[in-house]
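Asker: My request is simple: use the sequences and hints to build the entire structure.
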Amino acid sequence: MVLVKKAIKGNSKALELLLQKHYEQLYRNAYLYVQNKEDSLDIVQETAYQAFRSIKSLKKPEYFMTWLTKIVIHCAMNHYRQRKDVIPLTDEILSKQTSRSTEPAYELMDAIKELKESFRTTLILFYYHDYSIKMISEVMELPEGTVKTNLSRGKQALRKCLKEEMIHG
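If you read the sequence shown in the UniProt record's numbering, its first letter stands for residue 1, the second for the next number, and so on.
FYI, nobody ran anything at the bench for these hints, they're computed from the structure.
DSSO-like mimics (lysine-lysine), calculated; alpha carbons at most 30 Å apart, straight line:
#, residue 1, residue 2
1, K134, K56
2, K134, K6
3, K134, K5
4, K37, K116
Each pair of labels, with its calculated beta carbon distance range:
#, residue 1, residue 2, range
5, F52, L162, 38 to 48 Å
6, N11, Y106, 36 to 46 Å
7, K5, E114, 37 to 47 Å
Being a predicted model, the structure only gives us computed values, none of them experimental. Every residue gets a Cβ at the ideal spot worked out from N, C-alpha and C, and that includes glycine.
Answerer: Printed below as a string of structure tokens:
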């Protein structure tokens, strides 16, 4: 908590230490969105930049991780939106994607990536990061009831997507 308070007061070294401490979690959050090492690293870098720019806006030091998670999710969603329409150009990339999609874990992530953004984020935070409904509510700035609805509807949409994938292969 001391480092967070120092960072809020403008100590860039304190913020740098905090970002290093939470690097793995930032990277995992980014990777869940883009499924790609290079893009994940770009997102972490953008997150660090945004954190340096806006650390003074953090009012309560105890919400540092909520605040930082919100930034990485926002950066990841922006990156995902920008890259969504990019088409791979080489046969090597296409063959990797084809073979990769046959594995169940990748099928699940591919299905999650197809979900509406609010459902995707809610499911990732709840199931991959074990965030509580209350914590997700704070990160996404939504009422807890809306988070519960997104979780329920997201699971329904995911089931439907996975069933269609099994049927249509």
